[in-house]
Amino acid sequence: MSLSRRTFLGATAASFAAGRVFAASKAKIRIGLLLPYSGTYAALGNNITDAMKLVAGKLGNKLGGREIEWVAVDDESDPAKAPANVNKLISGEKVDILTGPVHSGVAMAMMQIVRQEKTLTIVTNAGAQAVTGQLCAPNVFRTSFSNWQTSYPCAEVMLKDGRKKAVLMFWNYSFGQESMAAFKEGYSKGGGTIVKEIAVPFPQTEFQANLSEIASLKPDAVFVFFAGAGAAKFVKDYADAGLRDKIPLYGSGFLTEGVLGAQGAAAEGIKTTLHYADSLDNGPNKKFRAAFKEATGREADVYAVAGHDTVHVLAQALDKVQGDTSAQKELIAALESVRLDSPRGPFRFSKAHNPIQNIYLRQVKGGKETVIGIAQKEAEDPAFGCAMVK
Amino acid sequence: MSFSLFALQVLNGVEQGLLLFLVASGLTLVFGVLGVLNFAHGSFYMLGAYLAYWIAARTGSLLAAVLIGVPVMALLGLVVERLAIARLYKRDHLSQVLLTYGLVLLFNELQRALFGNDVHGVDTPTVLAFRIPLGSAQEWPAYRVFTAVACILVAAAMRQVILRTRFGMRVRAGASNAEMVEALGIDVRKLFSVLFSAGTALAALAGMLAAPLTTVYPGMGEGVLVLSFVVVVIGGIGSIKGAFLGALLVGLSDTFGKVLLPGFSSAVVYAVMAAVLLLRPRGLAG
Chain F
357 MSLSRRTFLG ATAASFAAGR VFAASKAKIR IGLLLPYSGT YAALGNNITD
407 AMKLVAGKLG NKLGGREIEW VAVDDESDPA KAPANVNKLI SGEKVDILTG
457 PVHSGVAMAM MQIVRQEKTL TIVTNAGAQA VTGQLCAPNV FRTSFSNWQT
507 SYPCAEVMLK DGRKKAVLMF WNYSFGQESM AAFKEGYSKG GGTIVKEIAV
557 PFPQTEFQAN LSEIASLKPD AVFVFFAGAG AAKFVKDYAD AGLRDKIPLY
607 GSGFLTEGVL GAQGAAAEGI KTTLHYADSL DNGPNKKFRA AFKEATGREA
657 DVYAVAGHDT VHVLAQALDK VQGDTSAQKE LIAALESVRL DSPRGPFRFS
707 KAHNPIQNIY LRQVKGGKET VIGIAQKEAE DPAFGCAMVK
Chain R
8 MSFSLFALQV LNGVEQGLLL FLVASGLTLV FGVLGVLNFA HGSFYMLGAY
58 LAYWIAARTG SLLAAVLIGV PVMALLGLVV ERLAIARLYK RDHLSQVLLT
108 YGLVLLFNEL QRALFGNDVH GVDTPTVLAF RIPLGSAQEW PAYRVFTAVA
158 CILVAAAMRQ VILRTRFGMR VRAGASNAEM VEALGIDVRK LFSVLFSAGT
208 ALAALAGMLA APLTTVYPGM GEGVLVLSFV VVVIGGIGSI KGAFLGALLV
258 GLSDTFGKVL LPGFSSAVVY AVMAAVLLLR PRGLAG
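From first to last, the protein sequence lines are chains F and R. In this text, residue positions in the first sequence follow this note's numbering: the first is 357, and each later residue adds one. In this text, residue positions in the second sequence follow this note's numbering: the first is 8, and each later residue adds one.
In case anyone wonders, no lab produced these hints; they're calculated from the structure. Hints should not be assumed to be uniformly reliable.
To be verified - Restraint-style ranges between C-beta atoms, simulated for each label pair:
| id | chain 1 | residue 1 | chain 2 | residue 2 | range |
| --- | --- | --- | --- | --- | --- |
| 1 | F | PRO557 | R | ASP130 | 28 to 34 Å |
| 2 | R | TYR277 | F | GLY547 | 48 to 54 Å |
| 3 | R | LEU101 | F | LYS642 | 56 to 62 Å |
| 4 | F | GLU624 | R | ILE75 | 30 to 36 Å |
| 5 | F | GLN468 | R | GLU186 | 55 to 61 Å |
| 6 | F | GLY625 | R | LEU285 | 47 to 53 Å |
| 7 | R | LEU90 | F | LYS552 | 47 to 53 Å |
| 8 | F | ARG654 | R | ARG289 | 31 to 37 Å |
| 9 | F | LEU573 | R | ARG173 | 40 to 46 Å |
| 10 | F | SER682 | R | LEU268 | 55 to 61 Å |
| 11 | F | GLN468 | R | ALA278 | 19 to 25 Å |
| 12 | R | TYR108 | F | ASP675 | 34 to 40 Å |
Source: prediction; values computed, not measured. Positions of the beta carbon are idealized from the N, C-alpha and C atoms, including for glycine.
For reference, chain F alone in the conformation it holds in the complex (with noise of 0.2 Å):
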């Protein structure tokens, strides 16, 4: 029986022209999810899943006509177990595509070995500049956003408001350091002078001795990169020492991103820039955020777009190439030239392939997050020392 029905599959995939085209649509795809499901960061994990999961039914679970099958790993966040959790998805449950991950640590140890595998791989949050900047593959895409990108647009909406003369503050680690350079970048440019860097260290969050000197260095404006519960007591101690009213407060998005609420009314006012809001007002983002409600009970975020992205995108591609991932090379054109009706608005690849996509200015407002326009309209990551960019 079982004979019997090989041969006459063997014999039916002969008669068709484009053999390749017929076991594509039957082999599953299997797509590896790299996230952290445990400490700080599973939140963020589970959102990115959930919200691929989502646009994923909605298309019928198929890509390319290929029904899905997720391979999850819990990466805990740690670059240490991470070339062991890449070569699992890889070599062990031989994964067409490989997403995640969420921190830049296990992104960098993630990108050692997809660039010797070739494997396509979908970078769906770590902002680290070196994966679509030294580090550049053709075979790795990025679908949430550059470190670049969160800060350099805030100088000139820093400079535009009159503050020429500056604090930075942040958290000592790649993503700290990242986001000060660029800002930098664009505070020098535009005529902007740096009074004093103040670097915390990781993850520090006492405070009072650095509040007391910005105090008595009086200058302009702060610029700060902190996220999570750094974030969110790094605010309220600058709003409880009396400075919020007299120094304003300028940031990357992710100072008040998912702490909103815990800083409270210390938030208000606050000037952020990234490259999406929860209250952006596009038929998308509405559509998106009502139904990871739906299905999920919670709030959509940033970390959830850059999943639902990831699947739209991986769907207009693979359709493009009839589902077959062994076609890399036309996949990966395929990718290229996606265009995207996002929630964050406008998205395509650049040649780095990081996204170029609007850098909203956020303020906060009566304890929400509102969208007072574009610091940066279709904002290009430099791409320094990738060798794809010309």
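Starting from the known structure of chain F, arrange chain R on it as the hints suggest.
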């Protein structure tokens, strides 16, 4: 550094140290008298902060949170002591570390299951929601002054209890020679239970008082635990007075380390600890 900025930084350091004292005092007592290395002490701080958030969100009052939360945590301390810690008195430090670290993991999971992984803010009580101007540029929230005063009051009360009461006498005796105390017919078991429970309540109280200042988040106990151990080592194991001095020293060196040696600020506290240990191996008050 101008004089006014210097004075301000001293104030910052003292304020940071006082809150640290509240956590470290319980740790040093449990370590000194019970002889138990309690890694779960930071978890009690964390649970205190989460309880403050949870109760304050429902009652709208941090005072209610403290009045309900401290007895609850004291009770939890009793239960933990009876079920787990009591089995450790005759064991070596390695067993103690294993068990109490297991408790840390347990409490962290409990926090995740009960309260989730989000960062939460706790509102400052409305009576204290004003700010006191300090110098020309900075202000100090009245709540920070309040916590500093509260910590000093608790320290003074502990001093009275330890020096002037029968219970305090037994604690002091237990700290210097527990076997002798037992031989004199004092119920050490009961003494240990009460002491552990008090230590738990102190850590939780610190967490509750700190909640409006630090916000409430997963893993907040671990950072405090490490600094508290530094305080205990600097101050001398089992000494409340030492913990007080040690906490102030840690607060001040951390504050000035941040301003004067920004690149090495996280190492300054440990350098101070090493220096103290070289000069006084048994700690400041050991």
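Evaluated hints:
Between F/PRO557 and R/ASP130 the Cβ separation comes to about 29 Å, which falls inside the hinted range of 28 to 34 Å. Taken as a hint, the range 48 to 54 Å is violated for the pair R/TYR277 and F/GLY547, whose Cβ atoms sit roughly 42 Å apart. The given range of 56 to 62 Å is respected by R/LEU101 and F/LYS642, whose C-beta atoms sit roughly 58 Å from each other. For F/GLU624 and R/ILE75, the Cβ-Cβ distance of about 31 Å falls inside the hinted range of 30 to 36 Å, so the restraint holds.
Distance hint for F/GLN468 and R/GLU186: a CB-CB separation of about 58 Å, consistent with the stated range 55 to 61 Å. Taking 47 to 53 Å as the suggested C-beta distance range, the pair F/GLY625 and R/LEU285 conforms, at roughly 49 Å. Checking the proposed 47 to 53 Å range against R/LEU90 and F/LYS552 shows it holds: the Cβ atoms sit about 52 Å from each other. In this structure the supplied range 31 to 37 Å is violated for F/ARG654 paired with R/ARG289, their Cβ-Cβ distance being about 53 Å.
Between F/LEU573 and R/ARG173 the CB atoms are about 55 Å apart, so this pair departs from the stated range of 40 to 46 Å. Between F/SER682 and R/LEU268 the beta carbons are some 57 Å apart, a value that agrees with the proposed interval 55 to 61 Å. A C-beta distance of roughly 36 Å is found between F/GLN468 and R/ALA278, which places it outside the suggested range of 19 to 25 Å. At roughly 52 Å, the beta carbons of R/TYR108 and F/ASP675 sit outside the given window of 34 to 40 Å.
Checked against the numbered hints above, the structure violates hints 2, 8, 9, 11, 12; every other hint is satisfied.
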